[in-house]
Amino acid sequence: MAKRLGPIGPALIGFAVVALTLGSAMMTAVQKPDWAFGPADVLALRFTLLQASLSAVISCALAVPLARALARRHFLGRTLLIRLMAAPFLLPVVVAILGLLAVFGRAGPVNQIITAIGVQPMSIFGLHGVVLAHVFLNLPLATRMLLQGWQSIPAERFRLAVTLDMPPSAQFRHLEIPMLRSHLPGALSIVFLLCLTSFAVALTLGGGPGASTLELAIYQALRFEFDLGHAAALALVQFALCFVVALVALRFDENPKFGAGLGREPAIPAPGGLRKILDGLMIFCAAAFLLTPLAAVILRGLPGLGSLPPGLAEALVRSVLIAVASALLAISAALSLAMTVARGTRWLEPVAMLPLAASGLVMGTGLFLAIHPILPPERLALLVTLLVNATMALPFLFRLLLPEARALLADYGRLSDSLGLSGAARLRLVTIPRLARPLGFGAGLAAALSMGDLGVIALFAGERSVTLPLLVQRLMGAYRMEAAAGAALVLVAASFALFWLFDRWGTRHAAA
Amino acid sequence: MKTLSLAAGLACLATVAQAEIPIFTVLTYDSFASEWGPGPMIEKGFEATCACDLRFVTAGDGAALLARVQLEGADGAGDVVVGLDTSLTSKAAATGLFAPHGQPAVTGLPIAYDDPLFLPFDWGYFAFVHEKTLMAVPHSFEELAASDLKIIIQDPRSSTPGLGLVLWVKAAYGDRATEIWAGLKDNIVTVTPGWSEAYGMFLEGEADMVLSYTTSPAYHLIAENDDSKAAAVFAEGHYMQVEVSAKLAASHEPALADAFLAYLGSEAAQEVIPTTNWMYPAMTLAKGLPPGFDSLFAPEKSLLLAPEKAGDMRDIAVEEWQNALAQ
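Sequence order for the protein chains is A and B.
Per the numbering used here, the first sequence starts with residue 27, numbered consecutively.
Per the numbering used here, the second sequence starts with residue 230, numbered consecutively.
If you're looking for bench data, these hints aren't it; they were derived computationally from the structure.
Incorrect hints may have been included.
As the list claims (entries may be wrong) - With a Cα cut of at most 20 angstroms, we get these calculated DMTMM-like pairs of lysine to aspartate or glutamate:
{"hint": "1", "chain 1": "B", "residue 1": "458", "chain 2": "A", "residue 2": "253"}
{"hint": "2", "chain 1": "B", "residue 1": "458", "chain 2": "A", "residue 2": "251"}
{"hint": "3", "chain 1": "B", "residue 1": "379", "chain 2": "B", "residue 2": "404"}
{"hint": "4", "chain 1": "B", "residue 1": "538", "chain 2": "A", "residue 2": "508"}
{"hint": "5", "chain 1": "B", "residue 1": "320", "chain 2": "B", "residue 2": "343"}
{"hint": "6", "chain 1": "B", "residue 1": "320", "chain 2": "A", "residue 2": "508"}
{"hint": "7", "chain 1": "B", "residue 1": "414", "chain 2": "B", "residue 2": "404"}
{"hint": "8", "chain 1": "B", "residue 1": "320", "chain 2": "B", "residue 2": "544"}
{"hint": "9", "chain 1": "B", "residue 1": "273", "chain 2": "B", "residue 2": "404"}
{"hint": "10", "chain 1": "B", "residue 1": "530", "chain 2": "B", "residue 2": "482"}
To be verified - Coverage of chain A stretches by chain B, computed from C-beta distances (three or more under 8 angstroms per stretch; other residues unrestricted):
{"hint": "11", "stretch": "90-101"}
{"hint": "12", "stretch": "391-397"}
Glycine residues also receive a C-beta, built at the ideal position from the N, C-alpha and C atoms.
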């Protein structure tokens with residue numbers, strides 16, 4: 027039994043994840059299980075699947091040429107651009123929606139240009155708006171995941187390809203396609219699952235109740251009807267979907283087996299001519315698409331910086347502390363799980379993906395029901411937030427680390443074993459330096475995601491546990507839209523700063 | 230090290246000091262307890278008289294608040310609830326988690342409201358808010374449906390104003406509600422999960438009108454010195470939102486709970502309401518409403534379904550709304 031479960035530490039992490047996700051849903055369901063799905067639920071399921079598939083496919087289809095262009099072109103400000111382009115993924119949802127509306131909305135520049143040339147103004151509301159927003163939010167993540175892939179192809183393989191006079195198409199077939207085969211399923215499944223649990227984006231930009239998602243149905247059941255059994259049943263449907271997707275991704279997942287390189291900075295051959303122009307165009311369009319709404323968020327926020335509320339500093343410190351702690355927790359758990367899965371304990375793989383399908387609301391409710399008989403829940407608000415945020419970030423970090431962990435094991439595992447390297451020394455000398463890039467990027471993502479998260483704290487908040495996203499929401503709820511935009515800007519800046527610091531650590535410490 | 234033990238000592242002292250006075254817990258919605266809401270002033274005012282430590286525990290909005298009370302159940306830690314509204318009270322009463330408040334009926338409402346469990350503390354009318362520059366302001370749902378104006382509304386499945394709107398249409402049009410919604414379908418730009426997204430999008434120019442309150446223009450006038458917003462008067466009348474407070478049966482401090490409800494209904498607390506919660510107070514204030522509120526219109530007809538009826542109608546009204554708009 028012990029052998030099949032793998033090493034004890036990672037197995038315990040796996041059980042903790044199952045307890046937090048599935049367990050909290052069961053905790054909610056214990057009240058009165060209710061499997062009666064109405065026609066509205068079926069419609070919600072259909073729309074959820076439709077928008078999530080479209081969003082995932084389009085995000086990844088754009089991410090392939092974009093990541094390739096970024097991987098093989100070198101230009102001034104490239105590193106800065108790559109970091110900045112990650113920003114949309116870090117935006118709190120409400121802020122992202124308002125930023126998109128500022129660009130694509132009725133009064134935005136896109137519609138002004140369209141009407142100026144005499145075409146009917148377009149409306150952002152509808153399925154296309156939902157997909158647009160999801161691509162905006164997730165293209166950065168997909169691109170970064172694939173970019174890691176390109177960087178994971180040892181420089182020596184590309185050199186060999188050049189020596190053999192391989193044209194770009196042959197390089198693509200022999201080097202890049204095998205890499206994509208191992209990295210693309212992960213990116214696709216992550217974006218799909220992220221969009222699966224989308225609630226505010228789908229409803230706000232969907233234009234009406236036709237655009238309801240499962241997560242909205244869960245919210246409705248929990249908050250408006252207080253039908254815990256129904257909420258839990260819907261949450262379990264979401265889990266089942268996640269499991270199927272994770273298993274499908276698993277089937278396609280394989281190590282491209284490039285073998286070890288010397289760890290040189292890959293110099294990917296950069297063909298000139300038309301290909302150069304196309305790459306430039308791709309980078310320019312993506313940057314414009316991703317950065318203009320971000321600029322709008324900054325412009326909207328600047329005037330509000332003058333009217334920031336007194337509680338802001340306190341909320342900021344609280345949010346930053348939670349973010350850093352949950353990032354460290356998440357990255358340690360993810361590294362441990364990824365290494366264990368890479369060594370062959372495969373049951374942990376779908377487990378690590380579980381939180382992606384977990385509804386934050388159901389998880390919060392389950393924890394509330396579990397804690398409430400013992401302690402006033404608001405006293406544990408910050409601890410619970412930390413734990414839930416770390417759990418929610420786990421799948422991304424796991425996905426980022428897994429292909430790298432496999433390559434590490436294949437390339438350096440035997441050498442390390444034969445040198446008798448194990449424990450802390452192996453971690454310090456081999457694992458961390460080899461995986462610094464995804465570790466830094468992953469921890470940055472986890473910190474930023476935690477900064478922007480509103481889900482759980484809204485259920486547990488007492489007056490001494492206001493976080494920055496909650497403050498933004500309260501300001502908006504009290505008509506103070508300008509101050510809210512200012513506070514949101516502070517939030518975005520802090521998230522980004524945290525992300526930057528972790529990511530930079532990763533690039534700096536990447537083994538040379 | 231010295232500072233540490235000093236800090237530890239102080240912390241001990243603080244715990245002792247806290248233990249001496251009872252903690253009184255008020256469950257309320259987010260914006261009530263925020264720095265800009267009525268919460269801080271009401272906390273200060275009540276603590277001056279009660280020899281207690283008042284603490285707010287918050288949930289997102291009225292509906293989330295009721296869900297929170299239900300989650301805590303019969304052994305909850307709260308003493309009073311502030312911020313349910315009349316579309317939720319029949320459901321709230323059915324939970325059996327509330328105790329009679331024993332206060333006299335309030336006098337400041339345009340309608341009679343006397344409920345043994347729920348005590349109004351403020352009220353307002355739902356209305357569509359627009360820029361004063363808007364041409365051809367509609368004066369009924371039918372005129373709105375016939376126009377090509379764009380509106381943003383909230384989802385009745387996740388927000389109290391959204392629920393208020395479907396009850397408004399139902400109260401005004403009864404069996405014709407579906408027809409009205411079908412007519413409004415092409416006017417609705419989008420449906421948001423909550424009030425703040427809708428109002429924010431309206432201010433950004435995404436729509437001509439937004440579902441809010443007749444008192445919304447007063448916020449812009451008083452807090453921002455901005456006279457550019459108005460609420461459209463609808464001939465069929467305006468649906469009311471009456472916000473109520475209630476005493477929890479599980480309260481550990483029932484005497485303090487009574488004292489708090491009495492305080493919330495007193496002039497000192499009520500005069501805080503208009504410019505913090507942006508609603509009408511539940512009593513006629515001795516010094517009248519703040520300047521700025523006089524520029525608001527008072528609907529000729531106030532609509533409000535009786536709580537039991539609102540409870541019965543809710544599911545039907547939401548379903549009609551959903552069917553008419555989802556097609």
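Practice task
May I ask which of the numbered hints given earlier this structure violates, with the numbers listed in increasing order?
Solution key: Those not satisfied are hints 1, 2, 3, 4, 6, 9, 10 and 11.
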